[in-house]
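K.L.:
Listed below, chain by chain, are the residues.
2 protein chains.
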Amino acid sequence: MFESDKIRGKGNDQGGRERIAIERVWPEIEGGKFPIKRIPGENVVVGADIFAEGHDDVTAVLLYRTMKEDTWHEIRMAPLGNDRWVGSFRIEEEVDYFYTVRGYLNEFSSWRKDLEKKIKTSQNALIDFKIGAQIIEKIAKSAVGENVKQLRNWAQKLTESNDPESALSVATGKELLNMIETSLDEKDGAMYDKQLLVSVERKIAAFSSWYELFPRSWSGTPGQHGTFKDCERLLPEISRMGFDVLYLPPIHPIGETNRKGRNNSMVCERGDPGSPWAIGSKEGGHKAVHPQLGTIKEFKDFVKKAKKYNIEVALDLAFQCSPDHPYVKEHPRWFKWRPDGTIQYAENPPKKYEDIVPINFNTEDWGDLWKELRSIVLFWAEQGIRIFRMDNPHTKPFSFWEWLIDEVKQEYPDTIFLSEAFTRPKVMYRLAKCGFSQSYTYFTWRNTKKEFTEYMTELTRGAVAEYFRPNFWPNTPDILPEHLQFGGRPAFIARAVLAATLSSNFGIYGPAFELCAAESIPNKEEYFNSEKYEIKQWDWNRQGNLKDILTRLNRIRKENPSLHITRNIRFCQIGNENLLCYYKATGDFSNIILVVVNLDPYHTQSGWLQVPLDELGIDKEKSYLAHDLLTGDKYIWQGETSYIELNPNNSPAHILRVRRQLRREQDFDYFL
Amino acid sequence: MFESDKIRGKGNDQGGRERIAIERVWPEIEGGKFPIKRIPGENVVVGADIFAEGHDDVTAVLLYRTMKEDTWHEIRMAPLGNDRWVGSFRIEEEVDYFYTVRGYLNEFSSWRKDLEKKIKTSQNALIDFKIGAQIIEKIAKSAVGENVKQLRNWAQKLTESNDPESALSVATGKELLNMIETSLDEKDGAMYDKQLLVSVERKIAAFSSWYELFPRSWSGTPGQHGTFKDCERLLPEISRMGFDVLYLPPIHPIGETNRKGRNNSMVCERGDPGSPWAIGSKEGGHKAVHPQLGTIKEFKDFVKKAKKYNIEVALDLAFQCSPDHPYVKEHPRWFKWRPDGTIQYAENPPKKYEDIVPINFNTEDWGDLWKELRSIVLFWAEQGIRIFRMDNPHTKPFSFWEWLIDEVKQEYPDTIFLSEAFTRPKVMYRLAKCGFSQSYTYFTWRNTKKEFTEYMTELTRGAVAEYFRPNFWPNTPDILPEHLQFGGRPAFIARAVLAATLSSNFGIYGPAFELCAAESIPNKEEYFNSEKYEIKQWDWNRQGNLKDILTRLNRIRKENPSLHITRNIRFCQIGNENLLCYYKATGDFSNIILVVVNLDPYHTQSGWLQVPLDELGIDKEKSYLAHDLLTGDKYIWQGETSYIELNPNNSPAHILRVRRQLRREQDFDYFL
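Protein chains in written order, with the working numbering: chain A, 1 to 672; chain B, 1001 to 1672.
Okay, chain A solo, but in the shape it has when bound (with noise of 0.2 Å):
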């Protein structure tokens, strides 16, 4: 149907006693296109416009519902002025919700409030009664159980009323008015045309600890390729860190046509074991394990110990083969061909990836294609993975993420996406919203207070909170930032305290981040001897290592619930360029935390901080006590302004716990 047959009316089969507007619905995503997220324990917030013509008064409803339940749940909307209402409900079940909203004209709210007025400027009111009666009466027509009764006692006394004083009492008491607002008729009423959707993942999709490390480093011997065995002692030190989720490049076979040497190079040694994003070789493709890693059993087992230490698995999925892929054979439609007959490998030019094909979903026979990447992730699903960082997702189409996500979470509701995207802010934004539970973002090259302002303010506000889960990442394997090159220790430092704390969800790549590895190939972003391409050995305990720091930031992050949400962030004046400053805070203002941030790695820097007691509930002529949980340190603090000085090799932050209220005895036990 073409919009402007809606428009002309036709196909529209509402009676012409529909009187409800309802507009700017929020949240909707694209025009309720693509649903928001939460996890059970969140709130959502739904604004409308809902108005009618005239002078009757509105009664606004919010409804919502699970996919499991047949019937809506109703919430009373507040008005906000001008036409605007706000509800709220609160997602308890780990399932999909639908949410909606009703207006009702409520002609009883109306007379009665035009009787108030007519009795303050004592007019005759004497027949409005009986007006009102017959209002009740009519309400009464369609409420329900005891109601009826009630409503047609409450008409009778109103009918009957002689004196303006009683009769008001009874048309203004509160009972009647709920009672009302809970019996009007839906035919006096609309509903929002649009079931809007909230898709709800379990707690780990918005708060989490990533880490991630090369499998085949570990085995403790130069030169030997590691084992999932060997990974399985690195866990309880993963686990005393905080790190909630361990996640693996791709564990399986790696092609050896075109191998990449160390460094990236085209000349690959005798023993260098590849890219693990080459995948497929004789020993198999994306459901087979590398021979020298294990077995799928020992895999397995690996998980399944790494649970005990509450840490879950992450696979890496990379839908790209090496050309020994055995799909290059079976399936040669799904590969590009060049006109000399070689197949067409991965380039960005002037950047050649010679080790990799791509898969062409382009292809003719994208069905099967599409089905057998499915059962890619439904086979790793049965392995007992249920979370996936799906490498390159950009360079996929929407419409197949879409499907394949929806796909899988039919089989395994509880799977949880990581988008693995660097790309247009349009694309990563498109690709959140076909599914992904959480994705990779700029963080990693912001910088300046004024940049991670924006960023923050970009991805808290608006559409993209309601839909956008950022996970932070400091370093990855492809990329040794700038700034972790040249800021030594402190650099690290900070950017661990800012992922961890301007995010709910972040991640490192170890050890290389917690050894502050900064050797990087000359002029570019890239570690030099990268992972990729070779077996490292790590001193993981080495001297200057950050693994009680990481330690610290975990617990913290885990006992201060603030920290468990992304979209509370609020930040703070301090006058210094070099000084970052923001708070977040619980709903009810009872875990309220202020982190500082020295975005300078080299100099002191200090300022006086605004501390907005104001917004935090704090007296302005009482003391409060910050609590630095990174340090110890306790100060006690009264007053709008605060200074701060952080000297960069001591602690480049503070991470304040504020207490809003000392009581004497909650002091003693606090600087116990």
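Rather than coming from a laboratory, the hints here were simulated on the basis of the structure.
You may find that some hints are simply not true.
As the list claims (entries may be wrong) - Listed below are several chain B residues computed to face chain A (Cβ distance under 10 Å; list not exhaustive):
1) A1021
2) Q1123
3) P1339
4) I1343
5) P1350
6) T1423
C-beta: ideal position from N, C-alpha, C; glycine also.
Given the coordinates of chain A, work out where chain B should sit on it, guided by the hints.
P.N.:
Same frame as chain A, but now just chain B:
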């Protein structure tokens, strides 16, 4: 279908190869539920986010067609960065238009981009020429006519090429690129899933000067009821003043029951004519003419005469009745009845309108009611009326207006409707969305610089500017605003200049306006001895009347196309809160009008105006002419600041035509 089903992909028959995402198409009112508005000669500027995954280039196309056409006109959109595209088309015909957008993946363009990079970095690209040739061959398959052969020629040239330079020059040839773009296969594209509507009306919908008068006051003999014949004598003067719409309050028989006396008195003296809005008596209802005004034939003659003076007569249609209206007996179900058997008159406590009974649109008989009301509009359309000022539309259902306006336009597409709604902003905007061509506004109560700036910004930025055409009235028979009561002649002039230059549609209630009638009921914004309740005698040529100023204002409006538009307004800095300054320019800046108004009717105000030379394209170093079209004064200005001084007793405003370039010959002409 549930939104969720769409999300889940049910009912989606698009192939898996669809790769283009289209988001944030603009303008789009309430998800495309309502049309935007234009007149012939205006442009529609369309923006959209159009993008695909990966690195392939996108070609974005704006499609438009008139309602009468089956095929689309195509316009290439231009990239604005960040995957945003923009294009525009011009409305040529007075007929509704559709528009939408389409995106294509342009494999050729991507290939060419990569080729350039490769050649720049001296990579061997010989095989890429052949790949390019294949792409061209593929496109040739969906091309038509001569293009097929041409494209194949180019493909062959590329295939046979051995020299990077010559191959590159073939690949980057402009002619080839254009041909590719017009030959892209629809299968490689995606079309936006909505066709959006432009409601196109004739010019007077966007640019009009209204004059309202009560015909009964123009007999020329005190106490005698004026007639249409009498009014014919006024036409030359109204035409000389430059008004093009003559709007008459209701011309129907007036009820006698509860007829109001002078000053809205409940006591009606013998001979009191009653309010024209108390429609209907035994002499007829909405399709009858008040016998003392004349006959239908005389009315039609009057309308025809007016046309000779380039004046269109607009009728006021008030869908309400006096208690004596024939409908009350014929269709009792269309009214509300009180428990004592009396009819419910209009009231808005504490105000009462005992001479008027509202129509109950909530009647079960709404179908017949709607048809009867439509027949009223069609009746007057048959008598030659094409402009209607609908009284109190905000007390009738939105769905009724949407239906009525559409129905009338099906038969009389050139009909214009003005919405007389002074009510909540959302309701006023919704009425405009439902189809009203023009709307009353809050202009009447805006006074300060801040208020004007904010209100004009609200009306001319964002969605509102696309569907809402303001009509600014300094006074109406219902409203004599405070600033006119106390500001004297300078206030009247200032308000006329503001109304006539801020908005391309404006109107006055005359001759109360041009005679500066300022006597109000104490502490109310209502006229004392209001013409609504009595026959008045006006001395139209009274000393101090504003007829010549209004004449000049309307001539300035007519001669300067920048004043035919409302949304082109830009405010200028001027260091005095009592001086309001703004300019309007045509798209090509060939016509620039700069207005400065002294908002203080009592004192001379002065300040330094910041002329936005950059925006206006005026050279800082050169002199330019500012010609006051109101007073005839001419100023030669240079540089960004100009001193302004306005004595309200001389002229409270400048209306300056700014000439960008003063060439020697022109100067001469101009200063003669």
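K.L.:
All hints are to be evaluated individually against the structure, with a verdict given for each.
P.N.:
Quick rundown of the hints versus the structure:
1. A1021: 5 Å, holds
2. Q1123: Holds, about 7 Å.
3. P1339: P1339 (chain B) check passes; min Cβ-Cβ to chain A is 4 Å, inside 10 Å.
4. I1343: Violated, about 12 Å.
5. P1350: With a closest approach of 4 Å, the P1350 (chain B) hint holds.
6. T1423: 8 Å, holds
Hint compliance for this structure: hint 4 alone is broken.
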